[in-house]
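Heads up: the sequence lines are chains B and C, in that order. Here the first sequence is numbered in our numbering, starting from 1 and rising by one per residue. Here the second sequence is numbered in our numbering, starting from 1 and rising by one per residue.
One or more hints might be untrue.
As the list claims (entries may be wrong) - Cβ pair distances, simulated, as ranges:
{"#": "1", "chain 1": "C", "residue 1": "GLY164", "chain 2": "B", "residue 2": "ASP133", "range": "17 to 23 Å"}
{"#": "2", "chain 1": "C", "residue 1": "THR196", "chain 2": "B", "residue 2": "GLY168", "range": "52 to 58 Å"}
{"#": "3", "chain 1": "B", "residue 1": "GLY417", "chain 2": "C", "residue 2": "GLU205", "range": "20 to 26 Å"}
{"#": "4", "chain 1": "C", "residue 1": "THR165", "chain 2": "B", "residue 2": "ARG183", "range": "42 to 48 Å"}
{"#": "5", "chain 1": "B", "residue 1": "ASN313", "chain 2": "C", "residue 2": "GLU205", "range": "32 to 38 Å"}
Said to hold, decoys possible - Take a look, some chain B residues computed to stay more than 10 Å from chain C by CB distance:
{"#": "6", "residue": "ALA101"}
{"#": "7", "residue": "ASP122"}
{"#": "8", "residue": "ASN124"}
{"#": "9", "residue": "MET130"}
{"#": "10", "residue": "SER135"}
{"#": "11", "residue": "ALA144"}
{"#": "12", "residue": "ARG147"}
{"#": "13", "residue": "GLY167"}
{"#": "14", "residue": "GLN297"}
{"#": "15", "residue": "GLN361"}
Said to hold, decoys possible - With the Cβ distance kept under 10 Å, some of the chain C side facing chain B (calculated, not the full set):
{"#": "16", "residue": "GLU21"}
{"#": "17", "residue": "PRO22"}
{"#": "18", "residue": "LEU59"}
{"#": "19", "residue": "MET201"}
{"#": "20", "residue": "LEU206"}
{"#": "21", "residue": "GLY215"}
{"#": "22", "residue": "GLY239"}
In case anyone wonders, no lab produced these hints; they're calculated from the structure. Fair warning: this is a prediction, and the values are worked out from it, not measured in the lab. Note that beta-carbon positions come from the ideal geometry of N, C-alpha and C, so glycine has one too.
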Amino acid sequence: MYLESGRTAMFKVWHCFPVVFLFLFAGGASVETTTSTTSTITPTTTLILPTPTSSPNNMPPLPSDNGYGLITYSSDQDGDFEIWVMKAYGSDQRQLTDNNAMDVSPAWSPDGSQIAFVSNGDGNDEIYVMNDDGSSVRRLTQTADARESFLAWSPDGMQISFDSDRGGSWDIYVMASDGSDPRRLTDHPSDDWISSWSPDGNQIVFESKRDGAYEIYVMGSDGSDKQRLTDSQTHDGFPTWSPDGTRIAFMSQRDGNYEIYVMDSVGTNQLRVTENLAQDSDPAWSTDGEWLAFVSQREGNDEIYIMQTDGSNVRQLTDNGAQNWSPAWQPSNAAIDRTNTWIRTFEGPDYGALFDIVLTQDGNILAVGTTNHLHVPPYSGDALFMMLTPEGDLLWERTWGGEGYEQAWSVTPAGDGGYFIFGETDSHGAGGRDFFILKITEHGTDDWFQTYGRERREWPYGMLRLSNGDFC
Amino acid sequence: MAVRDAPAVKRGFLLIYGFTEPLVGSGRNQYAVRVKPDGNVIWEYVGESPEDELVMDTLETTEGDLVFAVSIGEDGKLVKLDADGNVRWTNRYELAGWQFATQIAETSTGGFLLAGFSMSGGSHRQADTWLAYCTSSGELEWETSFGDSAYDDYANSLIRLNDGTYLIGAIGNGMILSRVDEVGNDLWRRSLLGQTVYGAMALIELEEGGYLVAGLIQLINGRSYDAILLRTDAEGRVGE
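Sequences are here, hints too, so could you generate the full structure?
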């Protein structure tokens, strides 16, 4: 839609390239799009937005967190490694552990409520678990003469796989998530470590040097049927299964330095997704499977980045000059009730925006807004009313206006089953742009309308329904 | 101008607001009209400041007074009126940079939570959501800004939730929802639906849990906008 500003645009672009601005200008009521290529902001009440603050062609999008916007990681920015958490767009970095030990390798429980990690706080590397706010730290392993390292929760949250050298060499073990019943899944004199569960819980992918070079292997979650997935003869490692089970991300040195790769879960279609001279490692999937968090040395030290799984839209999340390792995205099993969420878009010249909504007595949704508008003469466009079911399906829609320009900005029940709709009109009224109130019946037909305003122009922001009382 | 006689209804006094051009000269004045449920005007309020002033949002206090969130220059301002439209007090907040409320809500303490627009000064001017608290007498107690570090965004909708916390909708890159408590703690923030321009223009909390969000979307980069309506779960998430 082209929404009219109603006044000369006061903003000018402060970048030297063409860029589209959305002006929610004073009068709130109006949203204008325009283009410009010149100079500075004029301090007025005009709002600008949204505009990238640097090149719009190069800025990465935010991950669509859809509610799963946390990444945990380990960082030594306070002098020794601690467990941290941040939002998936890098903000709100918070320290969860604070001790003199080395706390590393955090892993979310499937319900997102706990984080297991490795710490040497009791003298050697053991596995601990804590609540996602850092409280209630509990030790899960007790091996004074051995070390434990990278761990992964089973999809049902009942088990944790981990690495241990308690048998004389590094192997994969599994235990109940309370630390009981440890069992060995691999038994090979070469290193077996860094495990990740398939989403159905039936398989575990891991890194092994059993054939001479570190490669990616998969086995049943009981340790059976070990099969090699990669054969680069360099170093393939840090495998991690995608949330939908179809892909495995890993790091590999096959092209000269460590880069991030993605392959099908059976080992086919091994594709590189990063390409630079720095080391990229530790991939971790976002819960929607569309993003990978990873560690990169492209700024000299280990910082955490995210990118889309095709390698595009790289975005740096940490920038603290310290070492930041092992990002892990909060799992999706803090489940969305997908049956009760929906998105409806209404596209084309008949739909410009929805500015207000109200629930009807029978649970439907009355939405008001505007059709597409031209913000240059000849002004055009109408107020838009839509009645939708609780599931967002359209029951009826209509427009209201005149020869000029109308938009509806607010709606509120009238108390008799009908509704008051408030907006702006230049087809009717005393002069210039005016306010209007349209009273419609519960069936959406016109009851009455009236305009408000003085001789010149008015711009609306909204309508407030007041309590009864003083003017009855 | 009523096109036909309005039927009498028992409920629904209304306040409509925005700004008006002065009858002489240029500028913008606060403008509000109190309206009977039959559409007839009770009173009309016109601000008299020589500076541009816009009534961005309003609320009715539990005592029946009216509080206007006003934008003036690069500042925000609150104006409190009685039910007859007489000004009780005004308070302008002259902070560094550019801040004003596009939204206002009453808190449990009788004060006001403000959500809106902020832009820092200097060469790197970026818009963010402004969040502030004013006492019932209009004294600013705290203010903060938050938002995407890479894109401009600002609050354009605000509702008080049944549990006493607040949901803020923004215009920005992605459909941005934030839930905060009344002392400004960030409870969660969602950037839904990926990279494009969205505006969360109106919010409703559903009794069965979840939120309705209505607004606009730029489906095709450029000048065209379309309408969007979505329902989230109670944590502000969508399953698609």
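Hint check results:
no.: 1; hint: C/GLY164 / B/ASP133: 17 to 23 Å; in the structure: 21 Å, holds
no.: 2; hint: C/THR196 / B/GLY168: 52 to 58 Å; in the structure: 56 Å, holds
no.: 3; hint: B/GLY417 / C/GLU205: 20 to 26 Å; in the structure: 23 Å, holds
no.: 4; hint: C/THR165 / B/ARG183: 42 to 48 Å; in the structure: 45 Å, holds
no.: 5; hint: B/ASN313 / C/GLU205: 32 to 38 Å; in the structure: 33 Å, holds
no.: 6; hint: ALA101; in the structure: 29 Å, holds
no.: 7; hint: ASP122; in the structure: 34 Å, holds
no.: 8; hint: ASN124; in the structure: 38 Å, holds
no.: 9; hint: MET130; in the structure: 20 Å, holds
no.: 10; hint: SER135; in the structure: 17 Å, holds
no.: 11; hint: ALA144; in the structure: 41 Å, holds
no.: 12; hint: ARG147; in the structure: 37 Å, holds
no.: 13; hint: GLY167; in the structure: 43 Å, holds
no.: 14; hint: GLN297; in the structure: 22 Å, holds
no.: 15; hint: GLN361; in the structure: 13 Å, holds
no.: 16; hint: GLU21; in the structure: 4 Å, holds
no.: 17; hint: PRO22; in the structure: 7 Å, holds
no.: 18; hint: LEU59; in the structure: 7 Å, holds
no.: 19; hint: MET201; in the structure: 5 Å, holds
no.: 20; hint: LEU206; in the structure: 8 Å, holds
no.: 21; hint: GLY215; in the structure: 6 Å, holds
no.: 22; hint: GLY239; in the structure: 3 Å, holds
Violated hints: none; the structure is consistent with every hint.
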